[in-house]
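Make one complex out of these two single chains by using the hints.
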Amino acid sequence: MLTVSARLTRGAFTLDAAFAAEADGVVALFGASGAGKTTLADAIAGLVRPEAGRIALEDRVLFDSETGVNLRPERRRIGYVFQDGRLFPHLSVRGNLLYGHRFAPKDGRYASLERIVTLLGLEALLRRRPGTLSGGERQRVALGRALMAQPELLLMDEPLAALDVPRKAQVIDYIERLRDEIGVPIVFVSHAVDEVARLAGTIVVMAGGRVAAAGPAAEVMARLDLDPLAGIEAAGAVLDATVQRHDAAYGLTELAVAGGILRVPRLRLEPGRSLRVRVRARDVSLATAEPRETSVLNVFRGAVVEIGPRRGASVDVAVDIGARLTARITARSADALGLAPGKEVYALVKSVAVDPASLVQAEQDDA
Amino acid sequence: MALTPLEVEAIMLSLRVAGWAVLISLPLGIAVAWLLARHRFPGWAVVNGLVHLPLVLPPVVVGFVLLLLLGRQGPLGAWLDDWFGITLAFTWQGAAVAAAVVSFPLMVRAIRLSIEGMDRRLETAARTLGAPPAWVFVSISLPLMAPGVLTGAILAFARCLGEFGATITFVSNIPGETRTLPLALYTYTQVPGGLDGAFRLMVIAIVIAFAALVGSELLARVVRRRLEG
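Which chain is which? The protein sequence lines are S and V, in order.
Numbered according to the working numbering, the first sequence spans residues 1302 to 1668.
Numbered according to the working numbering, the second sequence spans residues 143 to 371.
You may find that some hints are simply not true.
The list that follows gives simulated cross-link-like pairs (lysine to any residue, SDA-like), each with its CA atoms no further than 20 Å apart [claimed, not checked]:
#1 S:K1407 <-> V:P274
#2 S:K1651 <-> S:D1541
#3 S:K1407 <-> V:W225
#4 S:K1651 <-> S:E1555
Restraint ranges, calculated between C-beta atoms of paired labels, are given here [claimed, not checked]:
#5 V:P275 <-> S:E1352: 19 to 27 Å
#6 S:G1432 <-> V:T146: 48 to 56 Å
#7 S:E1352 <-> V:P169: 16 to 24 Å
#8 S:T1304 <-> V:P275: 22 to 30 Å
#9 S:E1359 <-> V:R182: 33 to 41 Å
#10 S:R1403 <-> V:D261: 17 to 25 Å
#11 S:G1369 <-> V:T233: 31 to 39 Å
#12 S:T1310 <-> V:L284: 45 to 53 Å
#13 V:P169 <-> S:L1414: 31 to 39 Å
#14 V:I316 <-> S:R1403: 50 to 58 Å
Rather than coming from a laboratory, the hints here were simulated on the basis of the structure.
Since we're looking at a predicted model, the values are computed, not measured.
The beta-carbon is built from N, C-alpha and C at its ideal position, and this holds for glycine as well.
Same shape as in the complex, but just chain V (with noise of 0.2 Å):
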C-alpha cells in the first residue's frame, strides 16, 4: 500500500495543522476553563454559549464566520495583515486557526471537568504555606489537572484531523497548502479512479485516530499513577 507523495503531503500537513491549532488553543483553553469553572461573573451564560457555540454550529457556518472576520478584507484579518503581515485566509495558518476554533468547546469541557473535581483544599493548604495564589496554580492547580488537560488536548487533536467544513470554507482545498487529510479523501471521491487513494487515506486516517487514542490512554495512565502514588 505505497502512498503517493501527494498523500504523504496531506499527511503531514493534517499532522502539522491540527498539533499547531492545539498548541495555540491550549493555553487558552485552559484560561477559559478556569474562568468558567472558578468564577460566576455578570455575562458568564455568555461566555459559556460562545465558547460551546462552534460545538453546534454547523462547521461551514464557523468557517464563513472566520472569513468573514479574518480573510483579507474582514476587520481582524485586514488589521493583522497591516501590522503583522499575517495571512490567515487561504493558507495552513489559517486551517490551523479553523481546526483550533471547532475543537476549542471539546477542549475547554475536558479542562473544566478536571478543575472542577480537582480537591482546591489543596490550594488552600499550599496558601497556608507561604506560596502566593501565582505560584499554587502553576505548582499545585496545574498538575493535579493534568489528566483534563491531556484528554481536552487529545480530544481537540483528534478533532481538529478530522477538520472538513470550516476549512473548506475559510481557506479552501489548495493541495500542499491546506488540502489535509480529510479534504483529500474528498477530493478523491470526486475524481473518476480515485478510489483507490480514497480508500488508502481512510485506512491511514483510521491508523491515526486509534493510536491517538490508545496514547492517550497510556499517557493518562502514566499521569495518573504519578498523582496517586
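Here chain S stands alone, though its shape is the one from the complex (with noise of 0.2 Å):
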C-alpha cells in the first residue's frame, strides 16, 4: 500500500493531495500539466518537502510532518525516471546502468545486470555514451538504471513525452514488461490518456493541485465528470479484453469483453492474451432499437446509467453493458431518444475507432 498525503504551497500554486493505491502493478498519476503531478511524484521522492502530510510505502514511513520523519532521497529506494533521462553524460551505458548498483542491497530483488540489459534489449549499448543514444535508447536506460538500485517502486515521471510515436510504443511495451516480468510497484505520472488506459490498474486523477478522482482504471476512466479535467478528449471507457481469435480474411481481431464480442483492427497478439481496450466516448453512438443493416460490426445491449451533464451541444451517457461505456451524444439526441437511468439502449462502436494506441504492440525496432 502507497498512502500519500501532501500539502504544499509555492507561489500562487497549492498543492493538497491525498491517496492510497495499492503497491503493485501500475498507478497512474493523471492530469492536465500545472495539476501537481510532478510535484506530488517529487514529494514521494523526498525531492521537495511537504509543509504537512505523511508519505508511507507499506509499513516504511517515508515522511511524515508530525513525527518529524522525512528520509533523504537516498535513503527512500524509490527509483526515479525523469523526463528527458538525466542519464549521466560522462559514464557509459554500462556506467549509468551500475551507478546505484553499489548502494543497492545486496539480496537485490529484482536485477542483475544480465536481467536487466536482456529484458530491455540493451546489450548493443553497453560501450556507448548517453550523447550518442537516441530518444527511445536514452529512456530505456533511464529504466535500467533506475531498477539497478533495486528500489521499491519506480516513479515514472511523463517518461514518454519527449518520445516520437513509434519510440512512444516501443518504450511503453517495455514499461509493460517490468510490470508483468519484474513486478515493481510503479507511479507512473501522465497527461496522456491512451497511455494511462494502457498501463495503469490504479488511476488518481489530478486537478488544481488536489486529488479530483481515485481508484480502479476502469471505474475511472468510466466517470462522466472528470473529463473536464483531465480535457475534454480523454473522455471514454476502459474494458477488459481477451484475444479471442483472428478473422484473417477481413484482418480483424475478435475480442471478448464483458457484454459480447468487439471488433478491432487485427492485433498481432496470441488468442488468450489479456488486454486493455479503450473506447472513447465520441466513438460510441446510441441506439433505442436494435439497429440492422449497419456497418458498425460492435453493438452492445445495456442500459443506461447515468447522464452527464450537459456541456455545449453534448452529453456524455454512461451505459452498462456488462461494463461500463460512455457515449457522447448531443443534447438534441438525447431528448429525442426519451434516454433516463435505467432505459434500455444499443451502444453501437466503429470498429475502426478502437484507439490503436491504446492496445497496439510495439513493432519497430529501434533505429
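See below:
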C-alpha cells in the first residue's frame, strides 16, 4: 500500500493531495499539466518537502510531518525515471546502469545486470555514451538504471513525453514488460490518456493541485464528471478484454469483453492474451431499437446508468453493457430518444475507431 | 641559443613554483568556488570580495601583506616556524605561496562558472539512485566540472609563471632559491650586457605560455568529448 498525503504551497500554486493505492502494478498520476503531478511525485521521492503530510510505502514511513520523519532521497529506495532521462554524460551506458548498484542491498530483489540488459534490449548499447543514444534508447537505459538500484517503487515522470510515436510505442512495451515480469510497483505520471489506459491498474486523477478522483482504472475512466479536468478528449471507458480469435480474411481481431465481442483492426497478439482497450466516448453512439443493416460491427445491448451534465451541444451517457461504456451524443439526440437512467439501449462502437494507441504492441525496432 | 646554467635553473624553478602553487591551491579553489556558487550565507559578499582582492590589488601590496603575515616575525609565520619548522620568507616555497595567492581569483572564477553551468538535476538523479551527497560530489559533480577545473588550473599556472611583484616583495630575488624566470629576466635588464640573456628568457617565456594555452585547449577538447559522448 502506498499512502500519500501532502500539502505544500509554492507562490500561487497549492498542492493538497491525498490518496492510497495498492502498490502493485501501475498507479497512474493523471491530469493536465500544472495539476501538480510532478510535484507530488517529487514529494514521494523526497526531492521536495511538503509542509504537512505523511508518505508511507507499505509499513515504511518515508515522510511524516508530525513525527518529523523525512528520509533523504538516497534512503527512500524509490527509483525515479525522469522525463528527460538524465543519464550521466560522462559515464558509459554500462556505467550508468551500475551507478546505483553499489548502494543497493545485496539481496537484490529484481535485477542483475544481465537480466535488465536482456529485458530492455540494451546489449548493443553497453559501451556507448549517452550523448550518442536516441531518445527511446535513452529512456530504456534510464529505466534500467533506476531498476539496478533495486527500488521498492519506481516513479516515472512522463517518461514518454519527449519521444516520437514509434518510440513511444516501443518504450511503453518495455514498461509493460517491467510491470509484468519484474513486478516492481510503478507510479506513472502522465497527461496522456492512452498511456494511462494501457498501463494503469489504478488511476489517481489530479486537477488544480488536488486529487479529483482515485480508484481502479476502469471505474475512473468511465466516470462522466472527470473529463473537464483531464481534458475533453479523455472521455471514454476502459474495457478488460481477452484476445479470442483473428479473422484473417477481413483483418480483424475479436476481443471478448464483458457484454460481448468487440471487433477491432487486427492485433499482433496471441489468442488468450489479455489486454485493456480504451473506447472513446465520441466513438460510441446509441440506439433505442436494435439496429439492423448497419456498417457498425460492434453492437452491445445495455442500459443507461447515468446522464452527465450538458456541455455545449453534447452530453455524455454512461451505459452498462456488462462493463461500463461512455457515449458522447448530442443533447438533442438524448432528448429525442428519451434517454433516462434504466432505459434499455444499444451501444454502437465503430471497429476502426478503437484507439490503436491504447492496445497496439510495438513492432518497430529502434533505429 | 644556448642557455646558461643559471637560466636553466630559473626556468626549472619557475615551473616548480607554479606547479606547486597550483597543486596546493586547487583543492581550496574548488571548495571556495563550490561555497560561492552553491551557498548563500551571511558574509557571502565578504568572502567573495576577499577571494577577488588579489585580482585588483597591486601585487606588491599582496607581497607586503604576505611578508607581514608569514614572515619570520609575522603571526602566522612564527607559528609555522615554531610548530612545523616551515619557513616561507625568502624560500621557493614562499614564492609558491605568493604565486598561489595572486592566481587564486582566476582559478576560483573559472571553477565557479563551471559549477554554475552544471546540470544540477543530474545530482538529484544520483541521489534517487541511492548515492549519498559526498559520493554524488565525487562521482558526478567533480567529473562534470572538470573542464572548468582544468581551465582554472591552466590559467592559474600561467599567472603563476608570470608572477613578479608579490614574489620579489615577499621572498626577494635570490638566485637558485626565489629567482624565477621573470625575476631573472628583470635582473638581466638591470645589468650591462644582460640584453642577450633577457632576450633568451623572453623567448622561453613566450614558448612556455603558448604551450600551456595550446595544451589546455587540447585537454579541454578531450574532456569535452568524454562528457558529450
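Cβ-Cβ distance between G1432 of chain S and T146 of chain V: within 48 to 56 Å?
holds, 51 Å
Restraint status (C-alpha distance of K1651 of chain S to E1555 of chain S at most 20 Å)
Roughly 13 Å between the alpha carbons, so the hint for K1651 of chain S and E1555 of chain S holds.
Whether the CB-CB distance between P169 of chain V and L1414 of chain S falls inside 31 to 39 Å
At 35 Å between Cβs, range holds.
Please work out if K1407 of chain S and W225 of chain V have their alpha carbons no farther apart than 20 Å.
violated, 48 Å
Between P275 of chain V and E1352 of chain S, is the Cβ distance one that fits in 19 to 27 Å?
holds, 24 Å
Cβ-Cβ distance between E1359 of chain S and R182 of chain V: within 33 to 41 Å?
Holds, at about 39 Å.
Taking 45 to 53 Å as the stated bounds, is the beta-carbon spacing between T1310 of chain S and L284 of chain V within them?
The hint (45 to 53 Å, Cβ to Cβ) is violated, given that T1310 of chain S and L284 of chain V are roughly 36 Å apart.
Given the range 50 to 58 Å, decide if the beta-carbon distance of I316 of chain V to R1403 of chain S lies inside it.
holds, 52 Å
Do the Cβ positions of T1304 of chain S and P275 of chain V conform to the proposed distance bound of 22 to 30 Å?
holds, 28 Å
Starting from K1407 of chain S, check that the Cα of P274 of chain V is at most 20 Å away, please.
Between K1407 of chain S and P274 of chain V the Cα gap is close to 17 Å, so the pair holds against 20 Å.
Using the Cβ atoms, figure out if E1352 of chain S sits within 16 to 24 Å of P169 of chain V.
violated, 39 Å
May I ask you to test the hint 17 to 25 Å on the CB atoms belonging to R1403 of chain S and D261 of chain V?
With Cβ atoms ~22 Å apart, the hint holds.
Violated hints, in rising order: 3, 7, 11, 12; the structure is consistent with all others.
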